[in-house]
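For the record, the sequence lines run as chains F and B. Residue numbers are given in our numbering: position 149 of the first sequence equals residue 149, and the series is strictly consecutive. Converting from the second sequence to our numbering requires adding 1000 to each position, the first position being numbered 1.
I should point out that these hints are in silico values taken from the structure, not numbers from a laboratory. From a predicted model like this one, the values you see are computed outputs, not experimental measurements. Keep in mind that the hints are not guaranteed to be accurate.
Listed below are several chain F residues computed to face chain B (Cβ distance under 8 Å; list not exhaustive) [to be verified]:
hint, residue
1, A6
2, Y8
3, F12
4, P13
5, S18
6, A22
7, P57
8, F59
9, R60
10, D85
11, W98
12, V143
13, R153
14, G185
Sample of chain B residues lacking proximity to chain F, with all beta carbon distances greater than 10 Å (derived) [claimed, not checked]:
hint, residue
15, P1009
16, G1039
17, F1046
18, E1095
19, P1103
20, R1112
21, E1121
22, K1126
23, D1148
24, R1153
25, P1212
26, Y1218
27, L1247
28, G1249
Straight line, CA to CA, 25 Å or less: simulated BS3-like cross-link-like pairs of lysine-lysine [to be verified]:
hint, chain 1, residue 1, chain 2, residue 2
29, F, K167, F, K126
30, B, K1214, F, K214
31, F, K160, B, K1224
32, F, K214, F, K65
Where a beta carbon is used, it is the ideal one built from N, C-alpha and C, also for glycine.
There are 2 protein chains.
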Amino acid sequence: MAELVARYPDRFPGFIASVTVADTDAMLEETERAMETLGAVGTQIFTNAGGRPLDLPEFRPFFRKMAEYDRPIWVHPTRSAGFADYASEDRSKYEIWWAFGWPYETSTFMARMVFSKIFDELPNLKIITHHGGGMVPFFEGRVGPGLDQLGSRTSGEDYKQLLAELKHRPIDYFRLFIADTATFGSSPATECTLAFFGEDRVVFASDAPFDPEKGPMYIRETIKVIDGLDISDAARRKLYYGNAVRLLGLSN
Amino acid sequence: MAELVARYPDRFPGFIASVTVADTDAMLEETERAMETLGAVGTQIFTNAGGRPLDLPEFRPFFRKMAEYDRPIWVHPTRSAGFADYASEDRSKYEIWWAFGWPYETSTFMARMVFSKIFDELPNLKIITHHGGGMVPFFEGRVGPGLDQLGSRTSGEDYKQLLAELKHRPIDYFRLFIADTATFGSSPATECTLAFFGEDRVVFASDAPFDPEKGPMYIRETIKVIDGLDISDAARRKLYYGNAVRLLGLSN
């Protein structure tokens, strides 16, 4: 990818590096190599490490490093049919594991990051969440007044104390994530995403080639959705490229 | 509740009966008693039976019975902290189990109903889903072109055959559910719900008293959201009571 960017700079203005979450030493090493030696403008990770959450202390150096670079981390949900939806079963049926399970993974990742206080430690951390920001924009009421009451449904954990230690309301941290427009051509979902994160924190993505046409459909439909949004042309330009140019530190 | 309705008909035009999913004989018996003897206008169940999905054959008589009565079933999500979000853990942290887990439960319930072909058997079945219809309205693109490709990510199950057996696209069945307006005062979420289910399949609900004010807030904010929707007054009346009057068979 570094070679492609060097050879065709007009077509490929930058690349991001996929780094493993399976081995935190290798993760850090590859992040440094990609960002410092190869010139990557961001990294991509998955939402869990073989079933372990990414708010564990061993992943913190990676997030610190990316905050230091001031470059974004793309986070892709991961879950397989082996994650059952019912206690009585051992597999997820009907591909529910990706249809709803992946956005659930994204949302859980976001919640774990928020309550691990990562944004208090790293206020400029830039995390790009997939599929319009998971379930968060639609369930802003649960993230808002809902999680303001964290602890009221729990015994045995001092979540009231945790809330008191956070500098802001939980929802304010959820708004610090960035979301993409990969909602598979849904105008209401894209409007919901934009309303939650605001025009400076939404970036274009289409989820190509995972559509029934194997590529062109989600690109075409996502462009149609964005062109149809009732927003200013300046805001539309931010979604299409302005926010990406700024976040990735590219020249316009 | 039957007594209250009899005593104060102007204030309580009808009641619905909560029926157990733990014992399917008792479930059916109580449904018959409530609907036929006590005059209930609907029933309420939870999304799983101690961890078992409701598309199992033993629950089908209940759904047949409610379709026969032509009265709705309210479905409330259920999940506790004991349902872990990560394979490496045994509990869900930070109350993610209700914040995101409940809408996930609702969505999974809906998918299981759809793919069990219940709507082909019982086309007039009326199921009212909570919290704006779970994740379905926001993820209409996953439910739509996504699930049109059911089977492409699975081996060992003949989902292509299942798709061929269904009379309609998966998304068309998801649109047969009814959703409530309990989005905790979120305008974008309510608009998303309305866009997906349409003005004839959305009914008022507030989720009172589970707000920080312990009651009035979600009622007040939900009314504010519905009053602010860019829809006709006729549509607004449907949301507030018209659809409920029709679904419950009440006189207006």
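Results of checking the hints against the structure:
no.	hint	result
1	A6	35 Å, violated
2	Y8	31 Å, violated
3	F12	27 Å, violated
4	P13	27 Å, violated
5	S18	20 Å, violated
6	A22	13 Å, violated
7	P57	14 Å, violated
8	F59	13 Å, violated
9	R60	17 Å, violated
10	D85	5 Å, holds
11	W98	6 Å, holds
12	V143	7 Å, holds
13	R153	6 Å, holds
14	G185	6 Å, holds
15	P1009	33 Å, holds
16	G1039	34 Å, holds
17	F1046	12 Å, holds
18	E1095	6 Å, violated
19	P1103	6 Å, violated
20	R1112	7 Å, violated
21	E1121	17 Å, holds
22	K1126	22 Å, holds
23	D1148	6 Å, violated
24	R1153	6 Å, violated
25	P1212	5 Å, violated
26	Y1218	8 Å, violated
27	L1247	24 Å, holds
28	G1249	31 Å, holds
29	K167/F - K126/F	18 Å, holds
30	K1214/B - K214/F	49 Å, violated
31	K160/F - K1224/B	30 Å, violated
32	K214/F - K65/F	36 Å, violated
Consistency with the previously given hints fails for numbers 1, 2, 3, 4, 5, 6, 7, 8, 9, 18, 19, 20, 23, 24, 25, 26, 30, 31 and 32, ordered from lowest to highest.
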